[in-house]
Amino acid sequence: MGSEKVADSGFDLEQFINVIAQRLFPRWYARHAVKEMILPPISDLNPKSFLCNRWLSLVNVHEAAADSLATSHQQWHLLAELLKKITNENEYPHTLSLNAIHGIKVSLCEEDYPNLLSYAESQANQIPHETDNEFNRNITLAFPEKKQPFHVGYREFDGRYYYINEDEPRHFAALWMQCKKQQRDYKLTCSVHVESIQGHMLDRLKSGFWMLLMKREFAYQLYQLLKQAKFDCEIAEFEWRRSDLVFFIARKNNPAQNEIVLNLLTQNDSTQIIDWAQFLSHSHFPFNNL
1 MGSEKVADSG FDLEQFINVI AQRLFPRWYA RHAVKEMILP PISDLNPKSF LCNRWLSLVN
61 VHEAAADSLA TSHQQWHLLA ELLKKITNEN EYPHTLSLNA IHGIKVSLCE EDYPNLLSYA
121 ESQANQIPHE TDNEFNRNIT LAFPEKKQPF HVGYREFDGR YYYINEDEPR HFAALWMQCK
181 KQQRDYKLTC SVHVESIQGH MLDRLKSGFW MLLMKREFAY QLYQLLKQAK FDCEIAEFEW
241 RRSDLVFFIA RKNNPAQNEI VLNLLTQNDS TQIIDWAQFL SHSHFPFNNL
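Numbers 1 to 290, taken from the working numbering, label the letters of the sequence shown in order.
If you're looking for bench data, these hints aren't it; they were derived computationally from the structure. Idealized CB from N, CA, C, for every residue including glycine. There is no bait here: all hints are sound.
Below are the DSSO-like pairs computed for lysine-lysine, each with C-alpha atoms no more than 30 Å apart in a straight line:
(1) LYS180 x LYS105
(2) LYS85 x LYS206
(3) LYS105 x LYS84
(4) LYS146 x LYS105
(5) LYS215 x LYS48
The following label-pair restraints were derived from C-beta to C-beta distances:
(6) HIS73 x LYS146: 52 to 60 Å
(7) ILE38 x PRO93: 46 to 54 Å
(8) SER43 x THR266: 18 to 26 Å
(9) ASN125 x VAL59: 31 to 39 Å
Please construct the entire structure, taking both the sequences and the accompanying hints into account.
What follows is the structure in structure tokens.
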């Protein structure tokens, strides 16, 4: 009878007990609450496209996070500076197989082709690309001598090369397609711009900070939970194309807070929450300048 009155009154006893527990024992409550926090999938971070500027950009990601941290409490400014410096670029003379290239820099095509082959079949199929003469002609038109040196980008974090073109690269695409379909190759003499993560900077990130990528709504839930427990933490933005994601930021110098974060990571896998420093450590395809 009493329970019927509680139900009729709209009083939620379980919620009331949780509120009291959180107020009286906020750290104990946070430690146990994260064990029940099941996060939704993040989905694909690195889109498939023939255009490199539609791929995930570490530079853009780190700039967005650094800019948001730069306007937060001073204790996070060190991390903001670290993120601005963690990626660097070096240029090397290189002879590169055309078959190694995964994308291009610019195109006026409105359609977002999922890969270079789809682009080539749609935009370059009318360009002759069957015979040896046509192969040599496309080399001359794709890489005219007057436009040397040619430039290619390489991203060590996902192992993808892209041709840094200025004009619509249809003859390049026809040549690339002939290489693929006839199992041929062309060695391009070029300058390769290698985008790398600086190891010593990554070590500082791994040892000093939690930087967890997760859905925005759940990151703010975690933030509020730990703020209630008097832990220092912050939210940092991810790149603009994925506004549904943010970074949850915390230092690793508090064992009690570390335990809570580890509970959350144990409860959810890398499709739901990404330890960004670990992600950068494992996603590494070093450039081989041989």
